[in-house]
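**Q** Spelled out from the first residue to the last, the chains are:
4 protein chains.
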Amino acid sequence: MSSFGTLFKVTTYGESHCRSVGCIVDGVPPGLALTEDDIQPQLTRRRPGQSKLSTPRNEKDRVFIQSGTENGKTLGTPIGMLVANEDHRPHDYSETDLYPRPSHADFTYIQKYGSKSNSGGGRASARETIGRVAAGAIAEKFLQKVSNVEIVAFVSQVGSIKMNRSAQDPEFLKLLDTITREEVDATGPIRCPDSSVAELMVKEVEKHRDSKDSIGGVVTCVIRNVPTGLGEPVFDKLEAQLAHAMLSIPATKGFEIGSGFEGVEIPGSQHNDPFYFDEETSRLRTKTNNSGGIQGGITNGENIYFSVAFKSVATISKEQATSTYDGKKGVLAARGRHDPNVTPRAIPIVEAMSALVLADSLLIQKSREYAYNIVKS
Amino acid sequence: MSSFGTLFKVTTYGESHCRSVGCIVDGVPPGLALTEDDIQPQLTRRRPGQSKLSTPRNEKDRVFIQSGTENGKTLGTPIGMLVANEDHRPHDYSETDLYPRPSHADFTYIQKYGSKSNSGGGRASARETIGRVAAGAIAEKFLQKVSNVEIVAFVSQVGSIKMNRSAQDPEFLKLLDTITREEVDATGPIRCPDSSVAELMVKEVEKHRDSKDSIGGVVTCVIRNVPTGLGEPVFDKLEAQLAHAMLSIPATKGFEIGSGFEGVEIPGSQHNDPFYFDEETSRLRTKTNNSGGIQGGITNGENIYFSVAFKSVATISKEQATSTYDGKKGVLAARGRHDPNVTPRAIPIVEAMSALVLADSLLIQKSREYAYNIVKS
Amino acid sequence: MSSFGTLFKVTTYGESHCRSVGCIVDGVPPGLALTEDDIQPQLTRRRPGQSKLSTPRNEKDRVFIQSGTENGKTLGTPIGMLVANEDHRPHDYSETDLYPRPSHADFTYIQKYGSKSNSGGGRASARETIGRVAAGAIAEKFLQKVSNVEIVAFVSQVGSIKMNRSAQDPEFLKLLDTITREEVDATGPIRCPDSSVAELMVKEVEKHRDSKDSIGGVVTCVIRNVPTGLGEPVFDKLEAQLAHAMLSIPATKGFEIGSGFEGVEIPGSQHNDPFYFDEETSRLRTKTNNSGGIQGGITNGENIYFSVAFKSVATISKEQATSTYDGKKGVLAARGRHDPNVTPRAIPIVEAMSALVLADSLLIQKSREYAYNIVKS
Amino acid sequence: MSSFGTLFKVTTYGESHCRSVGCIVDGVPPGLALTEDDIQPQLTRRRPGQSKLSTPRNEKDRVFIQSGTENGKTLGTPIGMLVANEDHRPHDYSETDLYPRPSHADFTYIQKYGSKSNSGGGRASARETIGRVAAGAIAEKFLQKVSNVEIVAFVSQVGSIKMNRSAQDPEFLKLLDTITREEVDATGPIRCPDSSVAELMVKEVEKHRDSKDSIGGVVTCVIRNVPTGLGEPVFDKLEAQLAHAMLSIPATKGFEIGSGFEGVEIPGSQHNDPFYFDEETSRLRTKTNNSGGIQGGITNGENIYFSVAFKSVATISKEQATSTYDGKKGVLAARGRHDPNVTPRAIPIVEAMSALVLADSLLIQKSREYAYNIVKS
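Line by line, the protein sequences give chains Z, X, E and V.
The first sequence maps to residues 1 to 377 in the UniProt record's numbering.
The second sequence maps to residues 1 to 377 in the UniProt record's numbering.
The third sequence maps to residues 1 to 377 in the UniProt record's numbering.
The fourth sequence maps to residues 1 to 377 in the UniProt record's numbering.
Bear in mind the hints are in silico, worked out from the structure with no lab data behind them.
Errors might be hidden in some of the hints.
Said to hold, decoys possible - Result set (BS3-like, lysine-lysine): computed pairs, CA atoms no more than 25 Å apart in a straight line: (1) V:K145 - V:K162; (2) E:K287 - V:K212; (3) E:K116 - Z:K116; (4) V:K141 - E:K116; (5) X:K328 - Z:K287; (6) V:K141 - Z:K376.
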């Protein structure tokens with residue numbers, strides 16, 4: 001439903017045209033320094049209207065903490081957060097009163113809820129992700145305190161324009177070791193760290209925008225400095241939780257971790273990540289990282305990295321031959337301005353969902369570590 | 001942890017060398033005809049030693065229902081099921097007492113549980129999946145009663161040998177409409193429905209087996225006759241639940257639904273699935289199915305289909321330069337016989353996890369439908 | 001943590017001195033007529049400052065729906081609700097900076113959260129219950145639609161002043177059949193339906209208020225027109241869920257259902273509720289109702305009724321010899337005005353928690369009924 | 001449904017006449033010494049046929065661990081456990097084919113599951129509690145390691161025969177400080193530590209047994225050496241979890257903690273537990289313990305104690321005028337031998353459920369303590 005997590009848990013509410021969107025974050029450790037300033041930056045990165053590549057609706061998205069902090073520190077109690085919906089005029093997409101938008105949630109929401117709402121696919125609005133990003137920012141701040149965990153997502157593909165993201169490529173693995181959010185944002189609106197590819201991607205988006213169309217892309221994310229031992233065997237393997245988290249983001253169609261789909265072609269003898277003893281850190285590490293930092297569902301301390309496929313945006317202004325709700329043939333061209341490509345704005349959402357998965361897994365594992373240390377003694 | 005689902009819930013137990021493996025399935029509707037004969041076939045399909053392509057250990061895997069049925073019908077109470085571990089001699093892989101197997105769970109289990117068990121990565125054993133398959137068989141029987149739901153998985157890639165699985169290919173979509181388990185099994189041990197490709201796949205597996213190596217593959221799965229309205233918006237979108245379910249299967253590295261990663265390259269105007277009114281069924285359907293049967297996280301009644309990447313098996317007899325637990329360099333060659341490719345045996349597991357996701361989503365949605373029918377009246 | 005329920009689920013946030021308190025209610029059926037006017041009455045009944053018996057702080061407690069409704073109907077999406085904390089000046093109980101209040105949560109919150117907050121036992125504030133009452137009002141409206149479910153709580157004891165609440169007393173059982181909220185409120189501030197007892201109760205409260213002390217009481221609650229079959233065998237018996245719900249209300253010390261503690265003295269032959277065929281409703285009913293409407297954890301269609309013990313309020317102005325946080329002996333007399341008895345204000349909270357338990361159980365059972373009807377056919 | 005707990009979780013299966021009853025315990029810390037010998041004693045205490053006061057059916061109830069241990073130590077993986085149902089002949093209570101037993105679950109199970117099973121109220125069988133007791137024994141062993149937690153339950157009332165259990169009585173509080181299971185069992189079959197009262201209780205049970213009737217009772221339980229800080233504010237207060245756990249035991253009608261129902265009559269100035277600094281343990285303690293060891297839902301380190309009301313057993317051999325399933329008047333006298341009083345056998349069940357609640361709360365709190373220690377530093 002609208003909750004995610006076990007010990008570190010977020011619950012969200014809100015559609016596009018209601019009073020506000022927001023969330024409750026339960027299980028935040030007490031004593032953490034936290035104000036709106038820790039949360040706003042990622043919300044701002046998520047905001048539309050940031051560049052000529054995204055929709056010009058100017059949402060301000062200012063977050064207000066309602067509860068759970070005192071004098072700039074968390075109390076350990078649930079943190080309520082709220083972002084007002086400034087633009088809640090009814091809406092100007094009147095064709096969508098007649099037509100279910102193809103590949104959008106309009107049709108399926110009626111199947112599910114038995115009636116049509118003004119705002120079409122209610123919670124399918126991108127504004128729903130505000131609560132996730134706000135919650136993720138808190139999770140991330142906690143993870144930084146734990147072990148300086150760093151989470152950096154970037155656009156690795158737009159349409160057929162790709163940067164290299166092969167687990168077999170040492171250059172790519174090196175990039176994962178060092179890439180920062182600042183570097184990702186510095187390459188311009190598309191948030192691809194390879195600036196020459198970034199330029200081509202921008203052109204690709206512009207091309208589809210100019211033809212009133214849209215195009216998809218891939219977001220790749222790396223998580224560094226992850227403690228070992230996170231993730232539960234069997235049903236809640238860490239990669240399963242990450243896949244769940246990523247495929248819960250609107251418009252996603254695929255997830256791959258480590259070597260991913262490419263890896264199936266590589267024989268075990270080359271795909272296996274051999275161990276070596278690392279003198280610097282005094283622990284076993286792996287020479288390669290086809291595993292993507294997770295083995296048997298549990299983190300091994302290497303970088304976690306994965307990619308997420310985002311389809312081409314469903315709402316386009318180009319004419320589409322389709323059917324009305326009533327089954328009559330017709331042509332739909334959505335009014336209004338729409339993002340021709342969502343991947344740059346998806347970056348903070350991917351980062352937020354990653355942080356939520358990790359914070360929850362960490363709390364669960366740390367209680368186990370407590371227990372076996374007690375039991376052993 | 002070891003439970004999956006909310007209203008239709010399975011909890012599993014068991015490692016490779018303990019007394020038995022099994023599960024408890026809670027939330028099975030009362031009155032369903034059910035005996036061991038409904039469950040055994042999928043367990044038998046999962047079993048090793050079925051062909052020259054899989055490991056020759058001869059596990060018999062006979063399931064015994066412990067509770068929850070009476071006179072061949074379910075009572076509505078939890079169904080306990082148990083499969084004895086016949087082969088529970090200590091084990092003969094003594095090198096693995098010294099070496100953590102690369103890309104296996106040996107190392108991470110120690111990180112998680114603080115000590116090394118004889119059976120290495122305990123629950124990472126493939127025998128853990130027996131409980132899932134048994135539970136899935138019950139879910140499937142229920143789904144058949146609901147709307148004749150059909151779930152068919154098959155191998156679509158081994159190493160670099162692929163059959164076509166593009167959402168853009170009408171032939172592939174047609175195959176998804178009709179393919180049966182019988183057809184899948186009929187093509188021989190590899191379970192690829194395209195018999196010419198199947199032959200090449202078998203050779204690919206044999207090549208790696210003969211060089212004491214292993215190779216990965218892709219399993220594709222279609223689910224037909226799914227009721228509309230299943231899946232929860234936001235965090236529990238149906239594709240998110242399926243991704244979670246699939247990435248929880250050992251050795252998986254990726255998941256894609258509908259057009260998947262390929263779809264990101266297709267502009268929205270071509271990627272969107274336009275609606276039409278279907279006279280035969282008297283409802284809106286879509287002309288294409290890039291969505292893979294799910295829009296906004298909710299089923300639209302079209303075929304659900306997705307693919308899952310399985311990496312090359314980690315345990316190989318080929319020598320690998322790696323490190324001992326103690327950090328000393330050395331060479332590991334795993335003794336014993338190991339599956340050179342797991343995809344054919346993964347088929348019933350993928351089917352089982354699909355059934356579990358659907359049965360749970362269905363029960364949740366049906367309570368909502370009850371409620372809004374009441375509220376409306 | 002801060003969530004309650006499975007399919008009908010409320011999550012709350014808020015302490016006494018933060019910006020607002022509120023909740024998210026997930027799983028509300030779509031299509032239900034709902035505005036703030038449906039929620040405000042119970043919040044107003046919960047409010048302090050309603051009579052000379054309760055604290056004069058004048059909180060207005062106006063609720064604002066944030067999401068999940070459109071044109072006065074629910075969408076099926078989560079309903080966010082918010083009540084501003086108007087009075088959030090720091091607080092004037094400065095002694096409690098030095099002293100943990102005896103039998104309050106001040107001390108245990110430090111044990112739990114590792115540091116002391118200004119507002120002492122944060123979530124132990126009575127304002128936390130606002131979110132529950134708001135959510136309960138929605139649950140109740142749904143239950144009324146389902147089967148005209150009626151939930152009425154009243155004060156049955158204050159200190160040693162009791163009205164009869166014995167399961168053996170036909171008069172009491174008759175009262176349970178008919179008592180309404182209007183009748184409960186009509187007897188004056190104490191909300192005991194027996195007006196002669198109510199008068200004595202008021203005097204009892206005044207006596208303790210005048211001596212700067214406090215006194216406890218018992219709230220009894222009846223739920224009528226409950227569908228049969230609700231509640232889950234084993235761990236989630238309906239009475240177990242009700243006990244959980246009631247003991248989660250601040251200041252509660254006990255729960256009993258049906259014949260309760262008194263019932264242990266009655267032999268089975270008299271305690272058992274014999275069946276008879278009721279011509280009017282054409283179904284089996286019971287002649288007596290020692291069971292309190294639940295047998296084997298499952299509703300049988302008779303009235304559910306139970307009682308909840310509330311201890312004497314911990315915060316009193318009377319001097320108490322106790323210890324400072326630092327372990328120094330001293331005398332604490334809490335400043336400010338405090339409720340000398342909480343039972344009248346607890347009435348809507350008990351009703352709300354009852355409604356939440358029932359709405360959740362109902363949704364779960366209705367999916368089962370759907371399933372067995374399908375399976376049978 | 002059939003699971004209890006979050007991080008330390010038990011799932012049970014089994015009715016009276018199926019192959020076996022059992023459970024899966026998930027979340028048991030790795031490294032704990034554990035064999036069947038740790039579990040059998042409490043199962044044996046739960047067993048019928050232990051004395052002339054209980055039913056003579058001779059169930060042996062030998063438990064077999066299926067998984068999750070190796071060389072006598074837990075692995076951290078789920079522990080499957082199984083007890084065979086030796087006596088699974090159909091049953092000899094043929095009247096109950098015609099009559100729903102009054103105050104039993106026969107009628108409500110049909111309402112819930114839509115059909116009648118041979119074994120009547122399936123999971124309402126006392127054999128269901130075997131899984132709980134087995135799981136509780138593991139939880140208890142863990143808690144002993146943590147802080148030498150001691151859990152001792154005893155019978156404090158049978159019919160109208162009571163021993164003193166008032167929170168106001170220093171003698172009773174002293175008893176709670178020291179009472180052991182050995183002492184409880186030493187007083188004979190009734191398990192009341194006050195031997196003079198015990199004798200009267202035995203007579204009370206015999207009286208009702210001889211008249212083919214049954215009688216209820218109260219079980220009181222104390223938990224010593226509990227760490228502070230356990231229990232979650234708001235919905236999962238520790239007393240709410242205990243109430244849930246206790247009311248989930250068959251035949252329970254009430255729960256009270258600390259001063260309980262009696263406490264409502266005591267003014268706050270006497271009911272509050274004042275603090276003092278305890279030199280011996282160097283921490284704040286309370287002089288009295290009306291709170292029952294929990295304040296604001298969180299443990300304060302004092303003894304937890306509570307009482308649970310068990311109604312008179314529903315199945316009696318005495319004739320009862322009631323109705324058949326078909327609505328015809330008739331007289332039911334249950335064949336077979338039945339426990340005239342269940343309280344002595346309920347002792348290990350109450351202890352087990354207590355241990356399960358505590359182990360789960362402890363694991364949750366320890367992850368929080370880890371987190372705030374990290375965050376502070």
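**Q** Name the hints, by number, that the structure is in violation of.
**A** Structure breaks hints 1, 3, 4.
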